[in-house]
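J.: Full structure from sequences and hints, please.
2 protein chains.
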Amino acid sequence: MRKIDVCLSPDLIELYNLSGKVVVVVDILRATSCMTTGIAHGVNSIKPVATLAECQELQFKGYTAAAERNGKKVDGFDLGNSPFDYMDEELRGKDIAVTTTNGTLAITKSMDAEQVIIGSFLNFSAIINYLKRIKHDVVVHCAGWKGKVNMEDSLYAGAVVDALNGQMDYACDAPKIVHSLYLQAKGNMLDFMQNSSHAKRLTKLSIQRDFEYCLKFDEFKNIPVLKGDHLMKMGISDMLI
Amino acid sequence: MRKIDVCLSPDLIELYNLSGKVVVVVDILRATSCMTTGIAHGVNSIKPVATLAECQELQFKGYTAAAERNGKKVDGFDLGNSPFDYMDEELRGKDIAVTTTNGTLAITKSMDAEQVIIGSFLNFSAIINYLKRIKHDVVVHCAGWKGKVNMEDSLYAGAVVDALNGQMDYACDAPKIVHSLYLQAKGNMLDFMQNSSHAKRLTKLSIQRDFEYCLKFDEFKNIPVLKGDHLMKMGISDMLI
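Protein chains in written order, with numbering that gives the first Met the number 0: chain A, 0 to 240; chain B, 0 to 240.
Take these hints with a grain of salt, some might be off.
It does not matter which identical chain is meant; a pair holds if it fits inside one copy or across any two.
Mimicking DSS-like on lysine-lysine, the simulated pairs with C-alpha atoms at most 30 Å apart in a straight line are [stated by the list, open to error]:
(1) 134 <-> 145
(2) 199 <-> 2
(3) 226 <-> 199
(4) 2 <-> 185
(5) 185 <-> 199
(6) 199 <-> 93
(7) 232 <-> 60
(8) 60 <-> 2
(9) 134 <-> 93
(10) 93 <-> 185
(11) 2 <-> 71
(12) 134 <-> 199
No lab work stands behind these hints, which were simulated from the structure alone.
Source: prediction; values computed, not measured.
T.: Rendered as structure tokens:
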């Protein structure tokens, strides 16, 4: 049987052998929710970069530049890290460069994988259907918060493990831990997450609207996939067999 | 209110500020269960060391030497990592040097704390009563398995969070995650843990007896505490106020 594993923090990803595997990177609040939203709204490509300097350099080269640090948009950039920023009609066909506190790091640290895809609740069933179809082992890579584990990404990982239950073996204890967490939370996920530390940080920043949006299931059917160093909408030719 | 935090792996402990805090190190299967058992059976001191070479050097200097790697006793050492090894009458008053795959690393990485104490289910209530009495913030430091999170240490952390519920705030999301896990597992903890990856490793090694023993609550009332670089039985003068 195929295996599913969960990495709760980018600071632990070096312990995982990603070779030949499909990695689902998740940063529910809010990087991967933004990426899913942007690609669904016709953005051509999204290039994740580690530093503000790299992001600014790409801005000079014509990219739309998105930068967030500690939950806030950085001055001088075009977009922040709200999914509503990514719905703008003017972004259709554009190339975006993005740097965020956690999510972009999780992506760049996943590059040894056979394929890196972007997960969020917004494209949940699309991800699950794809994972059911392929033959590869899977690692859900949670972006966390500055290296620490967080509630929302752990819950997402648990939801993925739950949806694939019976079809994949746990590769270590982390999938079982997040699965158990999800089973406890799924009836009242909003309440459960509203007490999380990052939700509290976001509430302080008055972005409750983002928070509720990022918890919606299945708004979109697309999967952003990493091609070279850009995320693009997965097409038929990108699908593993 | 005081804060409780949980670090799920020694590979994440650098993210935690341990200064002024009490750290409970836990490696249920089996290092901290062994340490609790040994100190309760009259062992004078236990010195955790990182390498087999250091452990052997101390053996030459007269220490009783205990060494485990990948779940097995290492040839040439006096003791392995079974709690039953630590019940021997002949160990009374002796000094032990110990090196294990995970537990000793978690201890040596906790040394910035105000105080490091050794937790296990075997001395659960003693630990909880002590933590209730002091004024310090608390970090439960799970030894995990080679850097990855594991079930049994996460469950122990969840049990500690549960026992202190209402008296301490969560410092981040990890305490809430393990608390939720524990609430799901506590009715059938043995079943829950028997499916864990480390339990499976131990079962392969025919040490089911150790596994059942390490899940017993409150066999002992003592708390091993780190004094300099040795663990010793906590006395009244060691108690923080």
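J.: Please write out, lowest number first, the hints stated earlier that are contradicted by the structure.
T.: Violated hints: 3, 6, 8, 9 and 10; rest satisfied.
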